[in-house]
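Student: Each chain, written out:
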Amino acid sequence: MIAVAAGTNRIDPYLIPALDGVAYGLLVFVAASGLVFCFGVANILNLAHGLLYAIGGYTAAAVLDGGWASLALALAVGVLAAAAAGVLLAGLLTPVATGNHLSQALLTFGVALAGGSLLVAGFGPDNPQVQVPAALEGSVMVAGHRYAAYRLVFIVVAAVLAAGLYLVVRRTRAGMLVRAAVDDPEMVACLGVSPARIRAGVLAAAGALAGAAGVLGAPIIGPGTGTADTVLLLSLVVVVLGGLGSMAGTLLAALAIGEIQTLGVALLPSAAPFLLFAAMAAVLAVRARGLAGRWRTA
Amino acid sequence: MRGEVIRRVRGGIAALVLVGLVVAPWVVDDYTTSILARTLALALVGVSVALLTGVAGMPTLGQTAPYAAGAYACAVVGSRISDVGVVQLVVAAAAGALLAALTVPLVVHARGVIVLMITLAIGELVVVVLGRWRSVTGGTDGLAGIPAVRPFWGLPALASDQARYLYALVVVATLIGAVLVLLRTRAGLVLRAGRDDETRLRASGHRVALHLSGAHIAAGAIAGAAGSLLVVAQQYISPADFGFDTSALLLLGVVIGGTASVGGALVGAALVIAVRDWLFGVLPGHAPLVLGALFVATVYLLPTGVSRARVRLRPPGAPALRPDQPATHDQATVAELHR
Chain A
1 MIAVAAGTNR IDPYLIPALD GVAYGLLVFV AASGLVFCFG VANILNLAHG
51 LLYAIGGYTA AAVLDGGWAS LALALAVGVL AAAAAGVLLA GLLTPVATGN
101 HLSQALLTFG VALAGGSLLV AGFGPDNPQV QVPAALEGSV MVAGHRYAAY
151 RLVFIVVAAV LAAGLYLVVR RTRAGMLVRA AVDDPEMVAC LGVSPARIRA
201 GVLAAAGALA GAAGVLGAPI IGPGTGTADT VLLLSLVVVV LGGLGSMAGT
251 LLAALAIGEI QTLGVALLPS AAPFLLFAAM AAVLAVRARG LAGRWRTA
Chain B
1 MRGEVIRRVR GGIAALVLVG LVVAPWVVDD YTTSILARTL ALALVGVSVA
51 LLTGVAGMPT LGQTAPYAAG AYACAVVGSR ISDVGVVQLV VAAAAGALLA
101 ALTVPLVVHA RGVIVLMITL AIGELVVVVL GRWRSVTGGT DGLAGIPAVR
151 PFWGLPALAS DQARYLYALV VVATLIGAVL VLLRTRAGLV LRAGRDDETR
201 LRASGHRVAL HLSGAHIAAG AIAGAAGSLL VVAQQYISPA DFGFDTSALL
251 LLGVVIGGTA SVGGALVGAA LVIAVRDWLF GVLPGHAPLV LGALFVATVY
301 LLPTGVSRAR VRLRPPGAPA LRPDQPATHD QATVAELHR
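Line order of the protein sequences matches chains A and B.
Per this note's numbering, residue 1 is the first one in the first sequence, and the count goes up by one each step.
Per this note's numbering, residue 1 is the first one in the second sequence, and the count goes up by one each step.
No lab work stands behind these hints, which were simulated from the structure alone.
Where is the CB? At the ideal position from N, CA and C, for every residue including glycine.
Treat the hints with care, since some could be wrong.
Derived DEER-like restraints, expressed as beta-carbon distance ranges [unchecked claim]: (1) A/125 x B/204: 53 to 59 Å; (2) B/297 x A/225: 21 to 27 Å; (3) A/186 x B/297: 30 to 36 Å; (4) B/147 x A/144: 51 to 57 Å; (5) B/240 x A/270: 21 to 27 Å; (6) A/73 x B/147: 54 to 60 Å.
Given only the sequences and the hints, what does the whole structure look like? Please build it.
Tutor: Below, the structure written as structure tokens:
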């Protein structure tokens with residue numbers, strides 16, 4: 001793609017990677033927002049979050065057959081399956097829900113390990129191929145360059161999803177509870193909302209988001225043995241970079257990661273392995289205290 | 001009186017284990033000996049995890065980062081510059097300490113679960129870098145054919161599995177002895193006091209961030225040295241040796257052993273690694289499933305919460321430990337500091 005793009009002027013060759021970066025960033029945003037909720041609202045470090053994405057990805061690989069109906073079906077099945085897995089996880093977490101992060105980390109890691117193994121047992125060790133709807137197979141022209149139609153549509157869909165998420169969190173009662181629970185969990189408990197129900201709801205929502213990201217993002221970060229780890233890592237970096245409770249921060253961090261992963265590789269191929277690390281270090285070094293201060297440190 | 005008995009029994013067990021470890025290579029076959037040597041290296045990383053998690057109160061999922069830095073530094077030095085073990089150890093420890101020092105600004109102001117997240121991200125990013133920085137690390141293929149180490153100038157190269165194992169045992173025993181001595185000094189007391197009551201320690205004029213930085217760098221050096229032992233044991237390394245699962249396993253081992261005790265950390269880490277290696281042998285393909293179930297079971301079986309596993313040792317029904325109660329032997333108080 002870069003070879004096709006080269007030659008017209010100095011900005012042109014980087015247009016396609018930059019666009020790829022937007023797609024990648026939005027995908028990471030949708031996946032990571034679940035982890036942010038989980039940690040911010042239920043105060044749970046969910047190391048099985050990548051597994052929820054992988055469930056969506058494998059669903060996409062199993063269900064998609066090139067038609068639009070199969071895409072709708074894959075989306076429904078993937079979202080439901082990942083949300084159900086989230087509820088299951090909430091149930092498993094009940095005995096260690098109050099406070100002890102070390103136990104939560106070990107428990108969710110155990111679930112990730114076992115669940116990943118079950119996925120590989122069910123779908124085989126090879127990375128499956130994902131078939132997008134035939135109408136999105138081709139490429140379209142963007143400013144004189146060919147660009148994969150699916151990615152363009154993905155950018156639009158993910159942007160709509162992100163906007164919807166923003167509206168839900170800002171404007172609905174559920175969203176208000178979510179924000180209130182981040183600020184003052186005791187007060188929300190006083191309102192008569194059971195913490196166990198909040199936890200189950202949040203993990204289900206996190207699962208649904210990760211499942212949707214897994215289905216739609218399958219052509220970008222496809223299902224495979226390393227998927228869960230990759231998505232968990234990217235989500236963690238987004239949480240670390242974006243801070244908590246701020247949707248805008250999360251989105252900004254996700255887009256930055258997308259651009260680093262695509263534009264960064266095109267611009268500075270030799271430094272590419274270090275860019276993500278350097279970005280995280282730079283942000284944290286500049287505002288480490290502020291970041292830590294905004295987080296509940298219990 | 002009871003404490004004295006417990007201490008003697010514990011000392012006796014430690015001595016027995018040490019004797020067992022020394023004679024082990026003549027009892028078991030070469031393959032098991034090389035696994036034992038690798039387990040020793042990982043147990044040493046476990047000690048550095050215990051130092052951070054249990055003693056300093058910074059739970060870490062990223063000690064594979066300085067471990068990897070030490071291992072790769074040692075591998076590069078070993079194949080290009082020197083096959084002298086002391087040199088490799090010093091270089092590896094320095095590499096681990098350097099990486100830990102670079103990441104100090106990231107972890108030292110955070111607490112609790114934030115440290116878990118940040119260290120996890122650091123560990124994973126280091127694995128990504130190892131996989132892509134092909135010119136130095138050999139990428140995902142790893143580095144092979146690292147020459148056998150000679151412990152000191154003028155000594156012969158260690159050609160057998162037994163010799164390499166004994167070298168690792170001597171190094172691990174020495175370093176752990178050093179850690180135990182260090183923990184008995186004032187620095188160890190300050191670290192534990194900070195873990196138990198940071199506000200009071202800060203109020204009494206101690207610079208908590210400085211002490212935590214020191215602990216982080218020291219733990220990095222220990223993990224780095226352990227990395228050089230891995231190179232000695234395997235003569236081959238790849239990014240797969242430093243994955244996220246290794247970090248989580250080490251943390252689980254340390255938690256099982258009791259986070260605040262160095263001996264417990266050693267036993268726990270060795271146990272967990274042994275179970276993993278044994279499972280991979282008897283259940284090809286299904287080991288992660290069983291291992292994951294084991295994680296979940298462990299968390300449930302330590303009901304008071306794994307980070308306080310040692311509290312379980314008190315008789316049932318005894319009141320929970322509170323800051324205003326007399327400290328047990330592994331609880332430091334700020335008051336103790338001012339005696």
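Student: Against the structure shown, which of the earlier numbered hints fail to hold, in ascending order?
Tutor: Of the numbered hints, all hold.
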